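Trainee: Now for the letters of each chain:
2 protein chains.
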Amino acid sequence: MKPLMVANHAKWPAKDDPIFAIAGKAQEATRKYGSENVINSTLGALMNDEGKLIAFKSVFDTLKNMPNEEIAAYAAIAGMPQYLDAVVEAFFTEHKPDAHIRVVATPGGTGSIKEAVWNYTNEGDEILTSDWFWSPYQTIAEEGGRNIVTYKLFDDEGNYNTEGFKSRFKEIIDRQKRLMAIINTPAHNPTGYSVSDEEWDDILDFLKEEAKDLEKKIIIFVDSAYIDFAGVGDERRAFFEKFSNLPDNILVIAGFSASKGFTMYGLRNGAVVGISSNEEIANEFYASCVHTGRANWSNGNRGAMLTVAEIFNNEELKKSYLEEKNHYKTMLRKRADAFVENAEKCGLELVPYRDGFFISIPCDKPYEASEALTKKNVFVVPLGKGLRFAVCAVAEDKCRKAPALIKEVMDGLK
Amino acid sequence: MKPLMVANHAKWPAKDDPIFAIAGKAQEATRKYGSENVINSTLGALMNDEGKLIAFKSVFDTLKNMPNEEIAAYAAIAGMPQYLDAVVEAFFTEHKPDAHIRVVATPGGTGSIKEAVWNYTNEGDEILTSDWFWSPYQTIAEEGGRNIVTYKLFDDEGNYNTEGFKSRFKEIIDRQKRLMAIINTPAHNPTGYSVSDEEWDDILDFLKEEAKDLEKKIIIFVDSAYIDFAGVGDERRAFFEKFSNLPDNILVIAGFSASKGFTMYGLRNGAVVGISSNEEIANEFYASCVHTGRANWSNGNRGAMLTVAEIFNNEELKKSYLEEKNHYKTMLRKRADAFVENAEKCGLELVPYRDGFFISIPCDKPYEASEALTKKNVFVVPLGKGLRFAVCAVAEDKCRKAPALIKEVMDGLK
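So the protein lines, in turn, are chains A and B. Counting from 1, position 248 in the first sequence corresponds to residue 248 in full-length UniProt numbering; the numbering is continuous, with no gaps. Counting from 1, position 123 in the second sequence corresponds to residue 123 in full-length UniProt numbering; the numbering is continuous, with no gaps.
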């Protein structure tokens, strides 16, 4: 396709979002057959058992009780200061690393990835992530002329493939000198995998060794969009402490999203968090991200930021918010347990699930399987390497039933 | 400054926003001396006579009455369809050009400029605008390695300098072949100038002549962020009709902002509007902007979009909204008239003001003048070529007094 008026780098094919397409079919089936007869696992947002989006009362009461002019006014370019403080508290809890930390507001988690990719890689660079990955990484990378390259997320025993990560990382950084790796953890999208503390040690030991070559610039982007639905307490945040006292040439950038943890999807609220042992590097990160923010979206959603800040500055409100979140976290855990147990029972193979909104099923013919499942009124998203079942969107009893239905269809395709 | 960890292109000096700095001083003076003794013309948002931000009741009642889950959910990537329709109606009113029009949601007007600049210019390109210009154009351009170059906005008689525009445009496009010009009209920030219909004819005749060279790609970005506060009725939108039946190699892109016209500054809601005679070029624009949106901020503020849509889909609500907006438009007009009249009386020279939030005063020593004015409790923003007085933020009686105070200080600096 030859560009007509756009610049060469900005010519993209018009394409429909496959998730929205299948979600549309699921809605149609629901209208036709009734929601009790349809399993709609397409959308990546937390739904109640009736398939209605969950919006935390603590969050929206706070937002709606705010004076209009507080919502109407512009936010500071870097984000409202009280919000940036609240992000540090909400994100790290008791596991804040001993490092220089800078936070800049972004539109959702996507904005944080954009900031990191744009500012810490060059055109033509390879960016490393796992072979199961959230496809917008590719969109964000290619928009700026970067390339996503992958390592296998799981080894042949189904364990996290730290060896694969290390060898691919080394191969690229020896050549490229600067390398960003995106690690989506805990509660990886789409597999639900969470890198364990021991696996983090293994990764960081390797990176510290690599960092002895001072020419190398190592950037680890930790995409923690689903962290609020990982683990039971805050134990899935413990790995943050490992980012203390890293060498100067390892910069950790974390993506904070208020979309899931505050059910603020449509409010576009997030932050990019820079973690460095070196104060100057932290300040450089801040200046760079503020510039990128000003040049792309100017500033963020003020009411959404003030809502997060108010929740963390009012003990009673914070308590209700945490109770509400924990209630739904438990609901999600029960759904996922039901799915995993029943997958085991019927022999449906899953990639290792630990936390979060999604469970993935390895499959050679994902598009055929997804299509065939629609005939049974089961709607799952086909991905490059399998099917994504969104436990966040499906009631527990349906999570119990779904694995056998999926197994049956997949066996029929063999 | 050598980059430490950021990529070379992303190294930016930390700098304080001069507007926020002087706004801070104004707030301090207000606390100390009382608001009745301070003229704070620093902030670019509509304030009531007591200096409180105006938030339209029609807008915020609509937003706050929306079910929480409608605000919480993700919007479609391109924007909510009913919002995109409402933008066309709100933006063009009766003056829609006869052309293929595509609309994509963006975070505020800034997002629309980003989309246009990124997708329709190349790294190293020069982008043309007037010498009085909104400084974030520079930030947006330099972020992607583009350069802002300027022509003199006014000729020696103080008229719009179409000749200057044309000769600078021709010089660059003969060399560069592709050229984007940003025209901030009506109600130019910071001067308040509005390009007249006759001046538009002159510009478009010239561009059509240039477009006869089919190698040339001409992109006109019309930044109309302040259009809702221009003119009396909708006559300041009449020029949109001139974008009918343009040659294929003239693409007009307009920036729509809900910040001012809906007092939604902090909600970050806007749109980029592509206008072309050629359907394929319009579709190419759409695909390119949707990709950029996905790669930068993912999607927009759903509640804000649905609010605009609801206002334009409910005749009664639309009526209250338009009445409310017109009330404040009249208030703004009275303030500006008061300022201009009194500037004439005391001999304070202004650049030609026609519409909008700001009036500019040419001045060789803007920083000294702004500083000296703070001693009189008058707070104005220093710009490269003069002082910016925000009539949007200052009560009419103070708009009457301010010109003489400014004149006195400027005379003292000669």
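Think of the hints as simulated: they come from the structure by calculation, not from any bench. Take the hints with a grain of salt, since some may be wrong.
The list treats identical chains as interchangeable, and a pair is accepted whether it falls inside one copy or across any two copies.
To be verified - Taking lysine-lysine pairs in the BS3-like style, the calculated list, with each CA pair at most 30 Å apart, reads: (1) Lys325 with Lys242; (2) Lys2 with Lys177; (3) Lys375 with Lys334; (4) Lys52 with Lys64; (5) Lys32 with Lys177.
Note that the coordinates shown come from a computational prediction; the quantities given were computed from them, not determined experimentally.
Trainee: Have a look at lysine 32 and lysine 177 and pick one of within, between, both or neither, based on CA distance no larger than 30 Å.
Mentor: neither (56 Å within a copy, 56 Å between copies)
Trainee: How would you classify lysine 375 and lysine 334 at a CA-CA limit of 30 Å: within, between, both, or neither?
Mentor: within (27 Å within a copy, 66 Å between copies)
Trainee: Using 30 Å as the alpha-carbon threshold, which applies to lysine 52 and lysine 64: within, between, both, or neither?
Mentor: Close inside one copy (20 Å) and across copies (19 Å); limit 30 Å.
Trainee: When no copy is specified for lysine 2 and lysine 177, does a C-alpha distance of 30 Å or less occur within a copy, between copies, both, or neither?
Mentor: between (34 Å within a copy, 17 Å between copies)
Trainee: Quick one: lysine 325 to lysine 242, C-alpha cut-off 30 Å, is that within a copy, between copies, both, or neither?
Mentor: Answer is within; shortest intra-copy Cα gap is 26 Å, inter-copy 54 Å.
Of the numbered hints listed earlier, the single one contradicted by the structure is hint 5.
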